[in-house]
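Colleague: If you're matching them up, the sequences are chains A and B in order.
Per the working numbering, the first sequence starts with residue 1, numbered consecutively.
Per the working numbering, the second sequence starts with residue 80, numbered consecutively.
If you're looking for bench data, these hints aren't it; they were derived computationally from the structure.
Each residue gets a CB set at the ideal place from its N, CA and C atoms; glycine is no exception.
Do not rely on the hints blindly, as some may be mistaken.
Claimed, not checked - Cβ pair distances, simulated, as ranges:
#, chain 1, residue 1, chain 2, residue 2, range
1, B, W106, A, A70, 34 to 40 Å
2, A, L77, B, A298, 20 to 26 Å
3, B, M240, A, A70, 41 to 47 Å
4, B, P125, A, A70, 33 to 39 Å
5, A, A62, B, W392, 42 to 48 Å
6, B, L103, A, A34, 40 to 46 Å
7, A, V33, B, V468, 45 to 51 Å
8, A, A62, B, P125, 15 to 21 Å
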Amino acid sequence: MSSLSESVGVLWLLAAASGAGWVGKAAFIGVFVALIVLLASLPARMLGETECRPALWRNVRAWAILVAAAQILIYTLWG
Amino acid sequence: MSTIRLSAVDIALVVGYLVGITILGVWLGRGIRGGRDFFLAGKSLPWWAAGMSLVVSDIGAKDMIGLAGDGYRYGIVMMNFDFIGCIFPVLIAAFLFMPYFWLAGVYTVPEYLGRRYNLGVRTFFAIIWVLFMMGTLGTVFVSAAAMFEGLLGWSFWFSVMLTAVVVGLCTALGGLRAVVFTESISCVVLTAGAALICGLGLAKVGGWAHLQETIGQMAWTQHHLTLLPPADHPVYPWPAVLLGLGFVLGPAYWISNQAIVQRTLGTRTQNEARASYVFCAAIKLVFPILLVVPGLVGVALLGPELGQPGKDWDGNRVLPMLVVRLLPPGVLGVVMGAFFAGVISNLDSYVSSASTMVVTDLYRTFIRRQATDRECLLVGRWLVVAFLVGGVAISYPIKTGFGSVFEAFQTFLSFFQGPLLALLLLGMLTRRATPWGGVAGMIVGVSTSAVLNSAELLLGVPGGIPFLWTAWWSFVAALAGVVVVSAFTSGHDEARLRGLVCWLPAGEGNKP
């Protein structure tokens with residue numbers, strides 16, 4: 001167990017020190033993926049969408065998800 | 080640095096813009112009758128205007144000057160201030176936090192803290208915000224003067240005074256409504272101006288691919304083309320960018336900044352407030368590129384002249400020098416207009432918010448509890464003048480004391496944003512956070528950031544501690560302070576917390 005955690009620690013340090021590499025990129029992309037999951041799972045009642053769902057182009061939640069997805073693309077390309 | 084002569088077209092564009100924006104600001108102020116009209120625009124703002132206003136409340140002159148300078152010094156890592164440091168927290172604020180401010184019916188963030196914790200916490204953060212806003216005004220005045228000195232040869236004090244008069248007229252007479260609508264226009268002009276500098280700069284250096292190649296050949300720019308520099312980067316290591324900027328400074332700025340929250344509180348409905356945040360986030364996908372790429376263009380074009388940034392290197396010179404080299408007559412007028420737009424939008428946002436905070440959290444709380452709405456309006460207008468005078472006075476020490484205006488702004492923020500976010504998060508998410516816990520978290524957090532900000536002097540750390548780490552650790556310290564002290568003290572009863580904590584919806588009796 002301790003050798004496993006040691007290996008993980010070494011890997012982390014190597015990745016962190018060699019430019020952000022995949023660890024940094026994965027962390028940033030993970031934040032936006034988590035945000036998209038959160039936005040998608042918010043109850044409609046909380047956003048005042050109780051009566052009928054707005055058309056997609058007027059749906060604030062859909063636009064927010066689109067912006068977060070654009071961030072994933074940016075960090076994938078430039079991270 | 081050589082200055083330039085504006086052509087007749089440029090002068091006409093700049094003067095036309097200034098006169099037009101002043102007349103519009105005064106005209107929009109004609110219907111103001113009380114504090115609610117002045118401070119919250121009578122709750123009448125459309126989402127698109129509030130959204131554009133949010134963008135230029137954040138991005139203005141200090142960012143045009145500061146991000147070009149820091150883009151030259153550090154590269155595209157600076158875009159993180161608008162990506163993970165803005166878009167992520169803005170979307171969180173829109174969907175999770177804004178509803179609580181809205182439902183609590185508050186004018187200011189310290190007012191919310193006062194209801195959730197106690198008067199001491201409210202007063203402390205109101206005072207510290209006001210001081211921060213005064214410092215911010217100083218940074219914007221320095222940005223304006225750097226540009227006008229560099230381009231037109233105007234003196235520092237003349238540039239500062241002219242700017243203060245135009246902003247004073249718009250803000251003191253027009254209130255939040257004038258601020259937001261003039262900022263919407265500023266947003267369009269600012270985008271056009273920034274796009275012109277960016278586009279012409281890229282054309283001059285032979286396009287993006289050629290720029291990458293040029294920067295790649297230099298020894299000191301090895302991390303300029305990545306958003307996530309390595310963990311041993313001296314100023315922006317990626318873990319600090321994620322934890323300090325993405326999880327503390329960004330959320331604290333976008334969730335608890337009075338200049339930001341006030342705009343969304345002025346919209347017509349909660350859904351429009353949410354839409355304004357999302358619109359702001361969408362615009363912010365483009366802005367960092369427009370503001371940071373000129374810094375990279377500066378490396379390619381001005382590198383031999385400006386050299387590698389050292390300790391006394393002045394980053395504020397990069398943009399004015401680029402403007403002189405890149406822009407033909409006519410185009411220069413648009414860019415100057417954009418720069419004025421940035422100056423005005425930054426200044427009027429902070430002046431208007433600071434006056435709202437002083438009236439709501441200090442004047443009405445300590446000086447005249449029975450003040451009428453009309454009286455608050457009058458005091459608010461005089462405070463606009465007072466803050467502008469204070470900002471003018473502090474501008475010169477900022478000019479001489481910091482490497483760039485952006486560095487000054489971020490350093491001011493890192494003093495208290497971590498503790499503020501900790502108190503807001505725990506206040507909104509748990510009923511267990513007590514008033515004494517809030518006081519303890521505030522003291523521990525701000526003390527931690529004060530010590531870490533002075534690490535070179537107090538702890539002997541060479542070069543000091545990156546401000547993003549300061550923000551993160553002050554947040555953690557404040558969080559610990561609130562949790563530990565709350566465990567041993569008693570909190571408010573459930574009735575008092577209704578509508579302030581997310582698990583306790585407002586009852587019929589205490590809805591605003």
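Colleague: Going back to the hint list, which numbers does this structure go against?
Modeller: 4
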